[in-house]
Structures are given as C-alpha cells and as structure tokens.
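Engineer: Read off the chains here:
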Amino acid sequence: MKTAQRPHYLNLFTLAFPVMAVLSICHRISGIFLTVSLPYFLFLLDLSVGSKSGFLQVKDTLQTPLASMMLLLCLWAFSLHFWSGLRFLLLDAHIGLHKRTSQIASWFVLVISPLSAFLLWRLL
Amino acid sequence: MSRVSSSGLKSWITQRISAVYIAFFSVFLLLHFIFSPIEHYTDWKQWLSQPWLAVSFYLYIIALLLHSWIGMKDILMDYVPDFRLRLFAMTLVAMGLLSCAIWSSFLLT
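Going line by line, the protein sequences match chains A and B. Residue numbering for the first sequence follows this note's numbering, starting at 1458 and increasing by one per position. Residue numbering for the second sequence follows this note's numbering, starting at 9 and increasing by one per position.
Bear in mind the hints are in silico, worked out from the structure with no lab data behind them. Note that the structure is a prediction, hence the values are computed from the model and not measured. Wrong hints could be hidden among the right ones.
Stated by the list, open to error - Heads up, incomplete: computed chain A residues facing chain B, CB under 7 Å, no partners named: (1) G1488; (2) T1492; (3) L1499; (4) F1512; (5) L1580; (6) L1581.
To be verified - Derived coverage of chain A by chain B (criterion: at least 3 residues anywhere in the stretch with Cβ under 8 Å from a Cβ of chain B; other residues may be distant): (7) 1501-1507; (8) 1535-1546.
Ideal placement from N, C-alpha and C gives every residue a C-beta, glycine not left out.
Just chain A, same shape as in the assembly (with noise of 0.2 Å):
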C-alpha cells in the first residue's frame, strides 16, 4: 500500500499512553522549551558583564514576580530534561530495561522534576 493510502488515527486523546511515552513527550517539550530561552538567558549574562547598571537592572529583573514566575518554570524544564536525561543514559547502559523498571523510574523522574525545581527555585 502506498504511504498515501495507509489508515493513519491521529486523534491522540482518545489513546491511553504508557508513562514512559508521557515522560519521552516532556522530555522532548522541556527541551524545545529550554532551547528557545537560551538566547534570553545570554542576554541576561551579556547585560550582567556589561556594566554595573547592567547587572543591577539584571538583578531588578530576576526580583520581580514575573521573572520568578519563569524562573520557576525555566528550573521545572531543566529539571525534567535533566531527570529524564539521566534515565535515558541509564538506559544506554541497559540499567532499567525492565518494564516494570522502567515504569517505576518514569513515575519517580515525573514527581522528583517539580519537587527538586521547586527547592533550586526556593534557594536561590
């Protein structure tokens, strides 16, 4: 059959996925995520090298609600991209290949994400 006529279902909400499906789909967003923000955050350096008034309206900025706000989210991304990352080097290693195994880390980086984003954000 050619690709054009193969039955194809997209209609993703009705499909029940494992957790390790919902955790490779997260890894993946935090990434996009993350990427797109790089370039804010060099401009965050570049400013705070620049000059002292430079640092100061950094250090301004970082202190307001908003900026906390995505600071928050920022360290939730990184957290999920860096939890799910080290899973996926485990992996590479054939360490957690089990289902079940595999199941139980899935769960453990999805709640350990939020929870050790929430501590950076607290201490710094």
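Starting from the structure of chain A, add chain B where the hints point.
Structural biologist: Coordinates of chain B only, in the frame set by chain A:
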C-alpha cells in the same frame, strides 16, 4: 536524500558527551549560586574572569548549543516531512544557534 553512514552515531555520541558535561557544569553552577550568591558587579566580573572558569563556561555554552542542535534536528526530522520546509526550518535553527555561539564568544572576553 542520502546521508553519510556514520552521522547517526556521531550525533548520538555528541549528544551523550555534551549531556554529561552540561549535567556536571549545571550542578556546579547551581551549587555555586546557592552557596555563594553574587551580590556585587565586581565580584561577578572577577569570578567570571578566572581563566579556568571562563574557558569551562564557554565550553558549557558550546555544549548546550551542540546538544540543542542535535535535539532540534531530531524534532524537525520527526515532525516536518516536507523536504523544503524542513530545510528552511533547520537553516533557521542552525543560524540561530550559531549566532548564539558567536555572541557568547564576545560575552566572555
């Protein structure tokens, strides 16, 4: 469209190695900002201008950009089947990331 046979392996290795470096350096940066927060501009400048730190920080940015490029390349390959649109998107992303690399080389001098 033909691809060089080892490029998949090269991307995979680059992504893993950059990931490990990013992980270690990120943890280092986070711990540093938590335990010795930066209060003054002069302290910040002084800390960043230490040679070993400036070099490893620049390496960190390069690793982040390489890691991002491989990730974005995989995403575009998965979700953009049309060749010309994908080429356009990949060019934009590559130019954006390359610009970040060049910009960061001005930052850390």
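Engineer: So, L1581/A near chain B? Judge it on the closest CB pair being under 7 Å.
Structural biologist: holds, 6 Å
Engineer: Does the closest beta carbon of chain B sit nearer than 7 Å to the beta carbon of L1580/A?
Structural biologist: holds, 5 Å
Engineer: Double-check F1512/A for me: the hint is only fine if its C-beta lies closer than 7 Å to a C-beta in chain B.
Structural biologist: For F1512/A, the interface hint holds, since the closest Cβ of chain B sits about 4 Å away, which is under 7 Å.
Engineer: Per the coverage rule (Cβ-Cβ under 8 Å, at least three residues), is the region 1535-1546 of chain A covered by chain B?
Structural biologist: With 5 residues close enough to chain B, the hint holds.
Engineer: G1488/A was flagged as interface toward chain B. Is the shortest Cβ-Cβ separation under 7 Å?
Structural biologist: Nearest chain B Cβ about 5 Å off; hint holds.
Engineer: Holds or violated: the hint that L1499/A contacts chain B, with Cβ atoms closer than 7 Å.
Structural biologist: holds, 6 Å
Engineer: Establish whether the coverage given for the region 1501-1507 of chain A by chain B is satisfied; the threshold is a Cβ-Cβ distance below 8 Å, and no fewer than three residues must meet it.
Structural biologist: That given contact holds, which follows from 4 residues of the region 1501-1507 of chain A lying within Cβ reach (below 8 Å) of chain B.
Engineer: Holds or violated: is the Cβ of T1492/A closer than 7 Å to a Cβ in chain B?
Structural biologist: holds, 4 Å
The structure meets every hint from the earlier list without exception.
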